[in-house]
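Below are the chains, spelled out letter by letter.
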Amino acid sequence: MIWVSWRQHRGQAIACLALLAALAVYAVIEGSSMRTAFSNDGLVGTCLARTQGTGCENGVGAFMGEFGSAVNIAFWSVCLIIPGLIGVLVGGSLIARELEYGTWRLAWSQTVPRTRWLAVKLALVTGGLIVLGAAITAVIMWYRAPMDRLTGRLQHNIFDYEGLVPTAYILCAFGFAVLAGLLIRRSIPAMVAAFVPWLAIRLVVEFVLRPRFLAPVTGPMSARCQQPSVGCGSGISSVPQATGHIGDWVLSMNPGNLVTYQPADRFWPFQCIEAGIFVALTATALGATIWLLHRRAAWTALSPAHRARPRAGLRSGRPRGGAVGGDGAVSPRRGRSRWLSRRDESERD
Amino acid sequence: MAEHNAEGSVPALRTDRLGRRYGRMWALRDCTIEVPAGAVAALVGPNGAGKTTLLEMIIGLLEPTEGQVAVFGETSRAGTAQALARVGYVAQDHPLYRDFTVADMFHLGRAMNPRWDQQVAAARVDALGIPLRRKVRHLSGGQRAQVSLTMALAKRAPLLVLDEPVSSLDPVARLEFMRDVMASAADADLTFLISSHVVSELERFCDWLIVLASGHVQLAGPADDLLAVHRLLTVPRAVPDAELPGTAIHRTDSDRHSTVLVRTDPVQLAVQGHAGWQADPVSFEELVMGYLQRPSAATTGNPAPAAQRPAASAKAVTR
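As given, the protein sequences belong to chains A and B, one line each in that order. Be aware that the first sequence starts at 38, since it is given in our numbering, and climbs by one per residue. Be aware that the second sequence starts at -15, since it is given in our numbering, and climbs by one per residue.
Hint data in this document are derived by calculation from the structure and do not stem from the laboratory. Any given hint might turn out to be false.
Computed Cβ-Cβ distance ranges for the label pairs, DEER-style [stated by the list, open to error]:
1. B:Met9 <-> A:Tyr138: 48 to 54 Å
2. B:Arg5 <-> A:Gly324: 57 to 63 Å
3. A:Leu251 <-> B:Gly7: 47 to 53 Å
4. B:Met9 <-> A:Gly313: 30 to 36 Å
5. B:Phe56 <-> A:Ala317: 44 to 50 Å
6. A:Ile118 <-> B:Glu50: 48 to 54 Å
7. A:Ala325 <-> B:Glu58: 57 to 63 Å
8. A:Gly324 <-> B:Glu50: 48 to 54 Å
Ideal placement from N, C-alpha and C gives every residue a C-beta, glycine not left out.
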């Protein structure tokens, strides 16, 4: 079964490796220039760590101007759908392709019960996706490391690329697509049907739930930010944040110089919560798929061949006549010899 | 567990009041058939008769709503490894993975079947001239059918179920395919159950006949026995069915004469026959067509009455 799964998903595995390689090349080139700029802008020394960026505004400004531009942010925002695309592309065809091409009749009539067939496939492909997700995340985290020292890792567009969540996003889209494939029985519609709810859940979690994973903290704005001439506040390009600390995630700036925010040290708890949500969704979808496939034989038909069709007449191309055996009981053995002897006759002719 | 029939041998296949319902509609009901070991059985019926439903329950791809399937006397839950191991299956349209090579397909067979016989598989495609390294998508329809059959044979299951194996093939490929089936049936002592909606193609190859229509078995038994007890009578149109020697199955009226398929035997025919009546032996096809056009077969095409149909009237004319 392992070989079968590998053989069927070989092409996808190669495509994923190609994607990873392209990303790595990009990350090494861009990441190196980012590292060079980081030191050239004077951000390597003590000013950043000790003063939370207030001692090196010029360097921060130059660096963020180059790498934190609106264009860059927009690009990375669009790239947020990539985990979803990987997930649905791999998952959408896993069952739906078998149903589309009728190969389920082949796959499930070998001496492997179909739930085992599915379990082995899911285990291997899920494992592959976890490795892929971890590798992509590692590459991106290495690439972004200098940037993260200025922005922290809790804000939108950064949090989503680091730690555990990218892998969890891929798995969730995969799980949805596998389930949709079983229900819809067609690869492309299954991919679309899985991607839409994935994106919706992803946005709801990011913008509605994530700010509330843990109760936000409200505190005074930093003294520096209270000066009207200094444009510090919230968002990626604000270094430091209005709290005066790099890495805090400012949710809102309230009247009376109060700031509501999530402290920077909540990165890992937040990662665990969000990854937990998506892994739980994945497990639910895959569990439902296995259960449905197991039950499917009992409650409904898998192919249109089972549905009632209008009665069609018998096709028949043979003219009337021909010899008719009429000599009483004939055992199956004799019946076969009847055929064989007939063939012998025709060969003799 | 094993049930023996009258002759004391365990039938290769026995279904007992097998039924399958989709929602409120019965695709198949009260299906009791028996195929003796070593037989090549034809399962004949029009599209939508329930052939595929029956076959998929026999293989274990589908769970029966009622009744049970025994393969060589053993019943087991649909879809378990034990149930799957006993039946080889060639599905309709011969599904294979298009981007696999023939060798890959065999590798799959070996990986998924503990009793896989690689030698049989390799020797067979070699004899047929199908290159192992060719991709499935580059094979002809006949070659795909042969690869499918090879996989089912190499699985080394004692019962092979073939669903419309030749309907997508041209006449030459049909003949070759059926000859291969017959040869392997004789060589390896296998039992075949072959479904088709093309009657004529099975006639020369099958020694057991099961006619299925509208979800019910219409006729089942050894083909030669069934042919022996049916006659095509040509009688004056005025003669009612009741006066005929035997049971009228299907009647075709022309201006002055009627042609009636009757179930009878030579003695009855001799006693009750009339001098002016002509009694011809029936062909396989006339027999099957007669049963499929029988009023009771035709009226059950509607789902609602089929579901309420009492068991007694559904009972097929069995041996």
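Consistency of the hints with the structure:
no.: 1; hint: B:Met9 <-> A:Tyr138: 48 to 54 Å; verdict: violated (27 Å)
no.: 2; hint: B:Arg5 <-> A:Gly324: 57 to 63 Å; verdict: violated (27 Å)
no.: 3; hint: A:Leu251 <-> B:Gly7: 47 to 53 Å; verdict: holds (49 Å)
no.: 4; hint: B:Met9 <-> A:Gly313: 30 to 36 Å; verdict: violated (45 Å)
no.: 5; hint: B:Phe56 <-> A:Ala317: 44 to 50 Å; verdict: holds (46 Å)
no.: 6; hint: A:Ile118 <-> B:Glu50: 48 to 54 Å; verdict: holds (49 Å)
no.: 7; hint: A:Ala325 <-> B:Glu58: 57 to 63 Å; verdict: violated (32 Å)
no.: 8; hint: A:Gly324 <-> B:Glu50: 48 to 54 Å; verdict: violated (29 Å)
This entry does not satisfy hints 1, 2, 4, 7 and 8, going by the numbered hints stated previously.
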